[in-house]
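Protein chains: 2
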Amino acid sequence: MSAFLAIDWGTTNLRGWRVNADGDVEARIQLPCGVSKLAKGEAQSLFEDELIPRLAADDAPALLCGMIGSTIGWRVAPYAPCPAGAADIARLLVKLDARRGPAMLVPGLRCDGFAGASDVMRGEETQALGWIALDEPYRGAGRHILCLPGTHSKWVLIEDGRIHHFITAMTGELFDILRKHSVLAGDGADDAAAFAEGLDAAGRGDALSARLFSARARVVADDKDAATTASYLSGLLIGAEIAALPGLLGVSAGQTAHVIGDDALAARYAAALARRGWAAQVHSGETCVISGLRLLAREAGLI
Amino acid sequence: MSAFLAIDWGTTNLRGWRVNADGDVEARIQLPCGVSKLAKGEAQSLFEDELIPRLAADDAPALLCGMIGSTIGWRVAPYAPCPAGAADIARLLVKLDARRGPAMLVPGLRCDGFAGASDVMRGEETQALGWIALDEPYRGAGRHILCLPGTHSKWVLIEDGRIHHFITAMTGELFDILRKHSVLAGDGADDAAAFAEGLDAAGRGDALSARLFSARARVVADDKDAATTASYLSGLLIGAEIAALPGLLGVSAGQTAHVIGDDALAARYAAALARRGWAAQVHSGETCVISGLRLLAREAGLI
Numbered sequence: 001m002s003a004f005l006a007i008d009w010g011t012t013n014l015r016g017w018r019v020n021a022d023g024d025v026e027a028r029i030q031l032p033c034g035v036s037k038l039a040k041g042e043a044q045s046l047f048e049d050e051l052i053p054r055l056a057a058d059d060a061p062a063l064l065c066g067m068i069g070s071t072i073g074w075r076v077a078p079y080a081p082c083p084a085g086a087a088d089i090a091r092l093l094v095k096l097d098a099r100r101g102p103a104m105l106v107p108g109l110r111c112d113g114f115a116g117a118s119d120v121m122r123g124e125e126t127q128a129l130g131w132i133a134l135d136e137p138y139r140g141a142g143r144h145i146l147c148l149p150g151t152h153s154k155w156v157l158i159e160d161g162r163i164h165h166f167i168t169a170m171t172g173e174l175f176d177i178l179r180k181h182s183v184l185a186g187d188g189a190d191d192a193a194a195f196a197e198g199l200d201a202a203g204r205g206d207a208l209s210a211r212l213f214s215a216r217a218r219v220v221a222d223d224k225d226a227a228t229t230a231s232y233l234s235g236l237l238i239g240a241e242i243a244a245l246p247g248l249l250g251v252s253a254g255q256t257a258h259v260i261g262d263d264a265l266a267a268r269y270a271a272a273l274a275r276r277g278w279a280a281q282v283h284s285g286e287t288c289v290i291s292g293l294r295l296l297a298r299e300a301g302l303i
Numbered sequence: 001m002s003a004f005l006a007i008d009w010g011t012t013n014l015r016g017w018r019v020n021a022d023g024d025v026e027a028r029i030q031l032p033c034g035v036s037k038l039a040k041g042e043a044q045s046l047f048e049d050e051l052i053p054r055l056a057a058d059d060a061p062a063l064l065c066g067m068i069g070s071t072i073g074w075r076v077a078p079y080a081p082c083p084a085g086a087a088d089i090a091r092l093l094v095k096l097d098a099r100r101g102p103a104m105l106v107p108g109l110r111c112d113g114f115a116g117a118s119d120v121m122r123g124e125e126t127q128a129l130g131w132i133a134l135d136e137p138y139r140g141a142g143r144h145i146l147c148l149p150g151t152h153s154k155w156v157l158i159e160d161g162r163i164h165h166f167i168t169a170m171t172g173e174l175f176d177i178l179r180k181h182s183v184l185a186g187d188g189a190d191d192a193a194a195f196a197e198g199l200d201a202a203g204r205g206d207a208l209s210a211r212l213f214s215a216r217a218r219v220v221a222d223d224k225d226a227a228t229t230a231s232y233l234s235g236l237l238i239g240a241e242i243a244a245l246p247g248l249l250g251v252s253a254g255q256t257a258h259v260i261g262d263d264a265l266a267a268r269y270a271a272a273l274a275r276r277g278w279a280a281q282v283h284s285g286e287t288c289v290i291s292g293l294r295l296l297a298r299e300a301g302l303i
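These protein sequence lines map, in sequence, to chains A and D. Residue 143 in the working numbering is what sits at position 143 of the first sequence, and the numbering runs on without skipping anything. Residue 18 in the working numbering is what sits at position 18 of the second sequence, and the numbering runs on without skipping anything.
Calculated directly from the structure, the hints in this document are not laboratory data. Some clues are possibly wrong.
As the list claims (entries may be wrong) - Some chain A residues judged to face chain D by a derived CB distance under 7 Å, without partners named: (1) ARG28; (2) PRO32; (3) ALA117; (4) SER118; (5) THR168; (6) ALA207; (7) LEU208; (8) PHE213; (9) ALA217; (10) ASP222.
To be verified - With beta-carbon atoms standing in for the labels, derived distance ranges: (11) ALA27(A) to THR71(D): 55 to 65 Å; (12) SER2(A) to ASP190(D): 18 to 28 Å; (13) ARG99(D) to LYS37(A): 50 to 60 Å; (14) GLU136(A) to ALA264(D): 54 to 64 Å; (15) ASP225(A) to HIS181(D): 35 to 45 Å; (16) THR12(D) to THR71(A): 49 to 59 Å; (17) ASP200(D) to LEU249(A): 15 to 25 Å; (18) ALA226(D) to VAL251(A): 26 to 36 Å; (19) GLY140(A) to ALA189(D): 25 to 35 Å; (20) ARG99(D) to ASP225(A): 48 to 58 Å; (21) ALA226(D) to LEU31(A): 21 to 31 Å; (22) GLY140(A) to THR12(D): 27 to 37 Å; (23) LYS37(A) to GLU48(D): 45 to 55 Å.
Each residue gets a CB set at the ideal place from its N, CA and C atoms; glycine is no exception.
So that you can see chain A by itself, here it is in the shape it has in the complex (with noise of 0.2 Å):
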């Protein structure tokens, strides 16, 4: 195996990392260069001129993941279906048409969804297959549940080391434009009694749009305080997130949740579970989205 190049190119950032033949990180580079914020054809020079030199990766071969295979970014990698290992995924690699070294961007992921609508991912997949990597022979086999919390949270059934199935809520999104936008508008320090107030509220996950007013209700009428709402909201679409999602993925409450994520967001899922009677188990997003690449890389006979 060579040195390589993993870069995970998301909607807001871009991170990416020479990583030698033994799998260690030698150069990193974060960047607010997500693919929301490029012009056409933006993303090449990007990548050729300043992400190239930067990591000073010569012609090391790169694999690119996440929203940059999306239309709005480099290249259209199609989605795979599921279920989809690492060898499936690898298959499905798109090359591009780069000055300088191999690259390849990974696809996306497809499955079903609500009534006949697909569900979709582009990044988190890397991810997924990279914790099964990081412990293969434990993770190679049975089903595991994983949490990926974010702006639209994942959660991914591994089964026998491949994606069986997912499923995304919009719950960072909802967060985020109910705190800017609603009735529910406001900032707040963060309120621990707040939040597990909110997850207490969140109930079995269902009537998401009647518990939501509840968050304004405690203000008016219980005279809580609207500093708090903030906190709360976060309880509540968090728990109304843990309570509702693994049923839809055929697990039962109570088992161990692997949450994969590297900000507070997922200490605060990670504390939301354990409240809901799940053993949570944190690892680290970079870590697993550089397993996954290298992973892939190897499969495709890249590196």
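Given chain A, put chain D in place with the hints provided.
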């Protein structure tokens, strides 16, 4: 009985009617002067210097309902507890210091909501009582379920002529902010097929944050026209409300739901209810609120 002024003063608009002793409307006014747009103290001057002269109401008694009785209105009329009938609410009218004629505020209603939080309404209690009064011998007995669509939709359980319990859903507000500020943003003409598709995707009304993402996935993965997203989203949100809320009121699906409202939204709810096996009857919101204000004015001895 004498003539009186009936006023429904909400967040966005103000509607007023001069109602004669027989209950007929003799004059009407509608102004875009909801309480969210008023400066401090402006409510009283608007009432005395604009409404009274324009409705030629002189010293007729006036009864006001809606958000005008909230903390951002003219004066606070504390919430009455459920269950409540016309006599209970009439006892809690709040007198206003108006320069011309007696004027009183209708209190809002409060009931138990989720996980110890309250639920609240202001204005809809008057419409609900008015709906009962329009057909007193029939509606004064038994159980009836009312649906009042809007920014904050209300589902109301009537038992033996009193408001027994209710639930609020932020359906209209969610539709609004999702269309304006989220990844589901965009406009499009009404599309009946996409509306029905969204209704079906609402399922049992659970996992709403996940079902919402299907509005995105059906476009990026299933090649549905993005111009149909708004109609799909409308169906999904209304469908989730209809699937989840009646059960929380202890009412099983498939009965008669009385929809109170004047606009296209009421017709949309009626269509959604019919598709989900309900018998829907639409009633004029204007007729109901005038009927309710007249009933309360009579109960309080104001007319």
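- Message: Taking the earlier hints as the rules, which of them does this structure contradict?
- Response: When the structure is compared with the hints, numbers 1, 2, 12, 15, 16, 19, 20, 22 turn out to be violated.
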